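Sequence order for the protein chains is A and B.
My numbering puts the first residue of the first sequence at 7, with every later residue one more than the last.
My numbering puts the first residue of the second sequence at 1283, with every later residue one more than the last.
Calculated from the structure, these hints are not laboratory results.
None of these values were measured; they are calculated from a predicted model.
Careful: at least some of the hints might be erroneous.
Claimed, not checked - Here are the simulated DSSO-like cross-link-like pairs (lysine-lysine), alpha carbons at most 27 angstroms apart as the crow flies:
(1) B:Lys1639 / A:Lys798
(2) A:Lys467 / B:Lys1559
(3) A:Lys12 / B:Lys1696
(4) B:Lys1639 / B:Lys1474
(5) B:Lys1559 / B:Lys1527
(6) A:Lys582 / B:Lys1318
Stated by the list, open to error - Covered, in the sense of this in silico footprint (three residues per stretch, anywhere, with C-beta under 8 angstroms from a C-beta of chain B), are these stretches of chain A:
(7) 63 to 75
(8) 275 to 285
(9) 751 to 765
(10) 778 to 789
Glycine included, each C-beta is placed from N, C-alpha and C at the ideal position.
One-letter residues, chain by chain:
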Amino acid sequence: MAVIDKSVLRRVHRRDRWARWVITIGGVVVIGSVIAIIAVILYEAAPLFAPARSSILVDGAELPDLAEPALAVGVDLVELGQHLSSASITAYGFSADGAVLFWDIAVAEDRRERPSVKLVYRKPLRAQAVPAAAESKETSASEPAPAGSSTPAQAVRLSEVARMSASRYLCRWSDGGTSLVQVDITPRFDEKGRRNVSYDAKLLAELPAEKNGAPLREVICGTEGGGFRCARLWPDRRLELIVASVRENMLTGETEEQKDRSWLADPPGDRPVTAMAFNQDGSRLFVGTEDGRLGRWDFTPDGKVRRHENMIAFGDGRAVTALSSVYGNVSLAVGDGEGRLSIWFDVREGDQAHLRHIRNLYTHAGKVDAIIPSQRDKTLLSSGGGAVSLDYMTNGRHLLTLAPDRPLVQVGYSPRGNAVIGIDNGNCLHLWKFSCPHADVTLASLFTKVHYEGYDQPDHKWQSSGDEPKHGLMPIIFGSLKATIYAMLFAAPLALASAVYVSYFTTPGFRRSIKPIVEIMAALPSVVIGFLILLWFAPFLARWLTSFFTSLVTVPIVFVLFLSLWQAVRRFDWAKRIEGGYEFLVLAPVLCLGVAAAMALGPRIEDALFGGDLRQWLFTAGWTQLKPHGLWTALFGSKGVQYEQLNALVVAMGLGFAVIPIIFSLADDALSNIPHSMTAASLALGASRWQTLWRVIVPSASPGIFAAIMVGFGRAVGETMIVFMAAGNTPIIDMSPFNGFRTLAANIAVEMPEAPFGGTLFRLLFLCAVILFCTTFALNTLAEVVRQRLRKRFGRY
Amino acid sequence: MSNSGQSNERAESPAASAGGMPPVSRARRVAQFWLKGEPFVWATGAALAATLTMTGVLLGVVLWNGLGVFWPSPLEAVSLKDGDRLLGDVNDVQYDPHTEKTNIKYRVGNSELQQPFRWVAADDIVSVEYPPNAMMLDRMRDLQYIGYLRSIEAPGLQLALSDEPTVALAAALSAVRARREAELSELTAEEKRAAQELHRRVKYQLIRARYQFRQLSPEDQEGGSRGRALAEKIAELERRETELKDTTDRLRAQINARMQELRRNVAVFVDAAGREKQIALLDIVRFTHPNSMTFWAKLKHYAAKVWELVSDDPREANQDGGIFPAIFGTVLMVFLMAIACFPLGVLAGIYLGEYAKSGPLVNLVRVAVNNLAGIPSIVFGIFGLGFFIYLVGGQLDAWFYPDRVAAAEPVFGKSSILWASLTLGLLTVPVVIVSTEEALRAIPRSIPEGAYALGSTKFQTLWRVLMPMASPGVMTGFILAMARAAGEVAPLMLTGAVKDAPLPLDSQFPYIQFDQKFMHLGYHILDISCKSPNVEATKPLVYATTLLLLLIVLGMSGSAIWLRNRMRTRYQSRAM
């Protein structure tokens, strides 16, 4: 008797256990990878919907070396790396004695220590008489700054400072003069990571005092080439425009400044003017009054009035209290006496564009005091009722409200859009760090119509570049559906009919050889199909368009004619044998005959009916003749049809070609899984082969056929290369088969190379992938569940 | 779908189906044909015929255009009604059904002088000749030149040229190439070596040393021993850098000077319009004179062109030349993919085929496999980008190459052949799983049961009995997966395929540069068909590339399918 070595046995069993584990893990890893895929794309897309974040860095600190309340404040925050302690934070304020003070703010990482606020530089504005010679000064943040000369030589004080843009301020002096000041803070980091900040406040423009007193209000705006524009409202309600331009003398090379003064038409209504603003390049002036009227002047580049319009903005007579042009220079933000912030821009009505109310943003507790637009995007900072609100203009998203215990009287917004500064009524400093990287995305703006700048009505738009990126996903989802529907209309009938024929009517020999052919078809790389569609089929179809439509008629006619003739031939035995599964061999030349007939007839028909060019006819005459038909307008709208060479028709052929083998294989599986006994019983009862198929087989296999269509649908939705190459990739919503579209998959392929890592576009493309994943997952899971049921029912795998 | 159809077709008479063999009138028979639904059968047959015809047309178009690309077609010297003359080969003929006229597109080449393609109405042609001395040149730049050889001016070669122009040109070309080989090959190799050391080693060593120096505290930087050592190392590396730069500059200047000298050897051509053109012999890749070539000479040229296609680098922004880097990149990528994909696929396939007991987990795995097969390939691409490149690659860089990240030259955190292969590996896993499972299931149950009865464990049965029997099926899966990977482009667009990249090879360990981008056949097709500045001129190359890709993919899938079918019949007969 053989003795089994125990250790061998043990080893064998250990190996067996190990193998079981490893193999089970291999199976589970498959589930894991599907989960990983959705997890990763969700992880990348999720930050799109993260709320805006703010953290308070300074909560009520005294501002050193500032005796009186600051007239205006601003802030600059530059982050270097992840840590707050390495960030460079500079606040500045205009003091009444005519200087700009810069404070360096150091925040400890753990926030346990109070943040330190240190004066690092003080720049008297009028110490230098000549604005051009303004010198900048550099100090290192690590060493204490030498305080500048304590008071300016003149006893002229600043009476008012108003923010004109992110870093430019209008200063009105007690002597009646006016200056435009630019504040510059440039942090630099040397090779060793040490920070060096240069602070400067430059006089960009200077307007001396006038003899007849000071204007009530004035706004000033720098223009191209070093000039500026200034609008002044005088106590007698007259508006004056000063256009200053700098010209270079060609001979001497010296520059001379030239000022042109002109009077503008009076401001609207007869109530006091409460707000004035230039747009960013000074080509437009807005004026708002106490009783809710708006006036708007458009200027030519040399400062002449091109257009003037007065209008009633608020019918209920609310005051216009703040005006500001929004980044991008198209929209106007209006703050009113009831605390509401609203957006206005030009909308074409007839042949004239009028300033129209587009949407309301946040409503403050008190009247809106100031509106500061971001320099980066369409975020708006508005202050009112002692609090600050941040809103995104395009989609009306309220990002957040910042309200310290004591009401804020002065606010500032950093040029980088990452920090907000506020001075409360106790002259204490508040500073917030702010971030909302994907402010322009909300669920509503992705899936509903949005009124974008420059458009006459709200619409679905996808346009990833430009001042105002338009991130509506509807055109792209629509494109995916359009591609899929057209492709399935082409592919599903062909594939299902072929599958039926192959699994039931043809001979076993052909069945064995046709299945591999279809599998080879499935292996065709989609880039090859895309290339052939693009360079071969699309130009071909454009030339033979009429013949293509003619073939839709001639091929069935030829087919029916052939069957009628076939009745005569059927009597013969050899013909009878053809009916035993060789039909398709006879039919191939018949179909070719139909196509040939169409190619011969097409041009004749085109000459006779469509004036020799169907594409031209579609564009011009077609719609006038066919407009009354509902289907036409449903497909093409009420305009002429533009025939694009890369259109839904050619994509449908290519995409259909790619999904036919998939539908075919699955449908064939489903059909041939029906037990043979059912067929046999039906035939034995005298049913013909078609009757058996149609009444017995197809009903039993219908879940499998449905699954096949689902899987084919999923493939068509996600197919990338064919669509990318042959669909033209224009994101438009239009059901016409003659123009292009952009699908979700193609959108990823088109935009991803240009999308910066972590940006909104980047994450939106991941969102497109999420939508694609979920669609195909749902379709495939549905199909798999149906197939598992079917397997169980017919007792096979 | 079926129920609605049922009620509509009740018109059929019971007599028709019960109809016996004996005398049936012709009218009756015709009526039966229609009533029994035969036309529908024919309609399904028509659908199959249409599908197969379309497949045939598609393959035919590729074959016709792809195979004909390199065959030298006759050069026609055409005189037109307006006195214009042109010389070129027929590229396309289009029949306009409206005007019933034919238009001919000639490739006239000479893109630096004229539009390289020209449409001519057949009616405008006065005469067509086939001058035996007309030549077509493949050039290093500006694509083809078509014209007549006038003279060869090669003072530097000291050649005794024969009177036969083609023989003379061939001799001059081989002479100038031999000269270049003799004079320049050493210099070029040296220059390449220096440039490789500079760009692939010294540059990165310098980045690392500088980064390490920056990481030191200010005191260490000033006076610490480590700081001093690093500073010395940096100085040394910088010296080496300038040295190498000088070397490459000097060598390049030398090469340029010698090339300049060699370029003086020119051939003078005249085109159809009588314009003279000097072409440096070095710029001529090869020439044909199709009107006076024998069949064998044409065949030789054809073979040379095919060899150039598969073995040469692309020229002229991928418009001309070969596609060797794309072939190499595809093969390497598929190889790397196989390493990642096959073990996982086989394990999961064995799990499904042998180990899993039916239950919710198996159903879940099955759903996962089906979904994995159905997820759009672009989603795999974006997953590869988000997961492999940014998450895994970024983390690896943070651990091992913080210096390269700081210098904005990440090693793993960028698209590369490694990540592209892994992404495709995941994409093709379902193919392997399904094939493995199917191969295991095809084995009659009596075989493993016999093994168990003899006392072997599950793993022993699997390893010693089942896997050897299933191996042809598993191999099928491998081949199918490789075919799929070779043809897939969408994920590669996001994970590493580019239009122009050097071979990801190196003379130093690990020899394959996994962090390099690569060229890929499918991407190459996309690039030259969609993004090429001159689609007309690149069309032949696209067709040739497509044909090659199709041969690879269809050849692989075809053999896999053949293998599988053979195996099926084997087991079926055994199971009887």
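For each hint, the structure was consulted:
| no. | hint | result |
| --- | --- | --- |
| 1 | B:Lys1639 / A:Lys798 | holds, 15 angstroms |
| 2 | A:Lys467 / B:Lys1559 | violated, 53 angstroms |
| 3 | A:Lys12 / B:Lys1696 | violated, 54 angstroms |
| 4 | B:Lys1639 / B:Lys1474 | violated, 60 angstroms |
| 5 | B:Lys1559 / B:Lys1527 | violated, 37 angstroms |
| 6 | A:Lys582 / B:Lys1318 | holds, 15 angstroms |
| 7 | 63 to 75 | violated (count 0) |
| 8 | 275 to 285 | violated (count 0) |
| 9 | 751 to 765 | holds (count 6) |
| 10 | 778 to 789 | holds (count 8) |
Checked against the numbered hints given earlier, this structure breaks hints 2, 3, 4, 5, 7, 8; the rest are met.
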